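Novice: Spelled out from the first residue to the last, the chains are:
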Amino acid sequence: MSLFKARVFVHLRPSVLDPAGEATRSATKRLGIDGITQLRIGKSIELEIEAANKEEARSKIELMSDRLLANPVIEDWTLEFKDEQKTLIN
Amino acid sequence: MNIGIIVFPGSNCDRDVRWATEGCLGIPTSFLWHETTDLNGYDAIVIPGGFSYGDYLRCGAIARFAPVLNSLISFVDKGGKVLGICNGFQILTELGLLQGALTRNKNLHFICDRANLSIESTKSFWMKNYKKHHSISLPIAHGEGRYQCSHDVLKKLQDDDSIALRYADNPNGSIHDIAGITNKKGNVLGMMPHPERACDDALGNIDGKSILSALLS
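Residue numbers (the working numbering), protein chains in the order written: chain A, 1 to 90; chain B, 1001 to 1217.
Bear in mind the hints are in silico, worked out from the structure with no lab data behind them. Take these hints with a grain of salt, some might be off.
[What the hints assert, rightly or not] Derived DSS-like pairs (lysine-lysine); straight-line CA-CA distance at most 27 Å: (1) B:Lys1185 - B:Lys1106; (2) A:Lys5 - A:Lys54; (3) B:Lys1123 - B:Lys1078; (4) B:Lys1106 - B:Lys1131; (5) B:Lys1106 - A:Lys43; (6) A:Lys29 - B:Lys1131.
The structure presented is a predicted model; accordingly, all values stated were derived computationally and were not measured.
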């Protein structure tokens, strides 16, 4: 078994209004920064998973992302693996 | 007639519902811990408002994996009556028993107020004591009550006459002013407003009583 580190980014679909992103964008003007035309806020979920190989880890995380971490009605997600990988000694 | 109220860690309107169903309407009512799987003997199940599992991740996202909700799906398939109020509505959409999703209010505020509503459909079991286009007022209290769905789903809701309630003055930015919807069959109703807080004369508003008293008629 190996330990894989991964990060899932969850964000609202482009067609769904992101009021928190809009509120933050308007605060950038008060900070004196002009030119921010788009600002959307998402979630980053970091996890470690034990699996036989990267493919198995990926399929489990994909299932989890589709069913739990993101709501496909309003959200999209992306997955990235981190490079560090440890072999577990059981 | 027996009503079960599902209690999650974080439910906080469970007792309000029981007061309305048992205290005001005299219907025997029990609390059902979320780990239970036996829904036999209940005619209707209410998923109350609150903050199930702390609303972590998304409102209702973690609650949908509670053991009791697998049993709820079979209960609904057999025609059992289910009412989801506020967080209960959110859970029903996460579970897929109702379409669409509830998102952060447009103005980012937690809104605690009274909302004027219009009865848009009397098709479902729960709305049968109302007249179409009748106006009522119910308390609302939510931070994530902005109903969203795709245009295809919206069309389906309209075609199936499944839009139960609309806001007169949309407080949260919901698509098409939607405040509550039903499934196609009409045995499942999800709504953001709180009918259980408008069932007691002492509170000065009994506009919500007709929804719960549908169980008696």
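Novice: Going back to the hint list, which numbers does this structure go against?
Specialist: When the structure is compared with the hints, numbers 1, 4 and 6 turn out to be violated.
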